[in-house]
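A.B. asks: Sequence:
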Amino acid sequence: MPGVISRLYRGDIDIDFVGKRRLWYGLSAFLMAVSILGVLIHGLTLGVEFQGGSVLDFARTPGSSVEQVREAVRDIVGHDPIVQEAGRNWRVTTQSLDGDEVSKVQTAVAERFGVRQEQVSSQVIGATWGGEVAHKAWIGLAVFMLAIMLYLSVAFEWRMALAAIVALVHDLVITAGVYAWTGFEVTPATMLGFLTILGYSLYDAVVVFDMIKEVTGNLGTSAKMTYTQAANDALSHTLIRSLNTSLTAILPVAAILFVGTTLLGAGTLKDLSLALFVGMVVGTYSSLCVATPILVTLKEREPKWRALAKRVAAKQASAAKAAAAAVRDDGTAPAAVAGSRNVTITDAKRGKR
0 MPGVISRLYR GDIDIDFVGK RRLWYGLSAF LMAVSILGVL IHGLTLGVEF QGGSVLDFAR
60 TPGSSVEQVR EAVRDIVGHD PIVQEAGRNW RVTTQSLDGD EVSKVQTAVA ERFGVRQEQV
120 SSQVIGATWG GEVAHKAWIG LAVFMLAIML YLSVAFEWRM ALAAIVALVH DLVITAGVYA
180 WTGFEVTPAT MLGFLTILGY SLYDAVVVFD MIKEVTGNLG TSAKMTYTQA ANDALSHTLI
240 RSLNTSLTAI LPVAAILFVG TTLLGAGTLK DLSLALFVGM VVGTYSSLCV ATPILVTLKE
300 REPKWRALAK RVAAKQASAA KAAAAAVRDD GTAPAAVAGS RNVTITDAKR GKR
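Counting along the sequence shown from 1, when you hit position 266 you're at 265 in numbering that gives the first Met the number 0, and nothing is skipped either side.
I should point out that these hints are in silico values taken from the structure, not numbers from a laboratory. Any given hint could turn out to be false.
Distance condition first, Cα-Cα at most 27 angstroms in a straight line; then the derived DSSO-like pairs of lysine-lysine [unchecked claim]:
id, residue 1, residue 2
1, K223, K135
2, K103, K320
3, K314, K212
4, K303, K223
5, K19, K309
6, K320, K223
7, K314, K303
All figures in this text were calculated on a predicted structure; none of them were measured in a lab.
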């Protein structure tokens with residue numbers, strides 16, 4: 000295992016990401032379908048900041064459970080409230096209640112769980128503020144997407160811009176699906192996390208695209224590898240950088256998510272860290288297995304690269320015939336012929352044809 004890792008760090012191992020693009024397309028389509036299904040069936044659990052309502056907090060007493068708290072409040076308000084652990088307290092979110100209903104809930108909770116009525120705090124939150132946050136978030140997302148399209152089109156080309164945008168949408172849909180299936184609340188902190196993972200996912204894709212642009216820029220009419228092979232080599236040589244970047248970013252976020260979930264209960268840390276954690280994991284996958292394969296699929300349709308692929312295939316077929324003839328003559332395959340298909344990024348950068 001250490002030998003494999005060291006070879007991976009040196010770039011001695013080439014992983015055929017692009018060659019397995021049908022597998023990645025199928026996996027991504029499945030994940031997106033499950034995510035969309037989750038949103039359609041369960042929907043997103045909007046926090047009280049978006050839909051408005053009343054929030055009550057009181058201390059957790061020994062033996063109390065989520066179901067017991069839900070039952071006690073449901074008997075008063077007539078609907079199932081959202082009950083969460085918030086550190087050492089219970090946090091109960093209901094539809095908007097008037098003063099009399101809040102007082103009845105406080106009394107019922109105090110009698111049921113042995114706390115003083117004045118220790119059951121309550122607040123009413125309107126949906127206007129959350130609606131404004133959501134509206135501005137959508138505007139920010141649209142501006143971000145447009146700016147990214149323009150930047151990548153100028154710095155690289157429109158095909159890379161399109162591949163990056165598809166990967167970003169892929170990341171957002173899957174992250175939203177995780178929230179739908181798990182029932183985690185979508186709060187303003189969650190929206191902030193969504194916007195943050197866009198930049199992270201884009202960074203990873205741009206690193207790969209920059210290497211692909213550098214390598215494929217040296218491919219000429221007599222090159223020994225196709226655009227697909229060059230792109231895959233570039234992806235393999237940036238793999239360890241992508242993994243290192245992802246790991247160093249994901250570990251702190253995972254620690255925050257663990258602390259926010261197990262020690263501090265529901266809150267801003269939990270809402271923000273879940274979006275970041277899921278988005279970073281999915282973003283790392285999409286930059287390697289979605290963005291680059293889509294780019295290669297688009298580039299292979301260009302006449303220039305189609306012609307190059309045919310010439311390389313013809314050369315490889317000729318080399319294979321020569322190797323077969325050599326085996327028939329002396330029973331061994333010359334090393335020069337056997338290794339004729341191994342073309343590295345270094346060769347491409349030096350302009351070897």
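A.B. asks: Now tell me, hint by hint, if it's right for this structure.
C.D. replies: Hint-by-hint comparison with the structure:
1. In summary, the hint linking K223 to K135 is not supported, as the alpha carbons are separated by about 51 angstroms, beyond the 27 angstroms threshold.
2. Only pairs whose Cα atoms come within 27 angstroms are accepted, and K103 paired with K320 is rejected, the gap being roughly 88 angstroms.
3. This hinted pair checks out: K314 and K212 have alpha carbons roughly 24 angstroms apart, not beyond 27 angstroms.
4. The suggested pairing of K303 with K223 holds, with an alpha-carbon distance near 14 angstroms, which does not exceed 27 angstroms.
5. Using a Cα cut-off of 27 angstroms, the hinted pair K19 and K309 holds, with the two alpha carbons roughly 20 angstroms apart.
6. Pair hint K320 plus K223 holds up; C-alpha atoms about 17 angstroms apart against a cutoff of 27 angstroms.
7. Using a Cα cut-off of 27 angstroms, the hinted pair K314 and K303 holds, with the two alpha carbons roughly 17 angstroms apart.
The structure shown violates the earlier hints numbered 1, 2.
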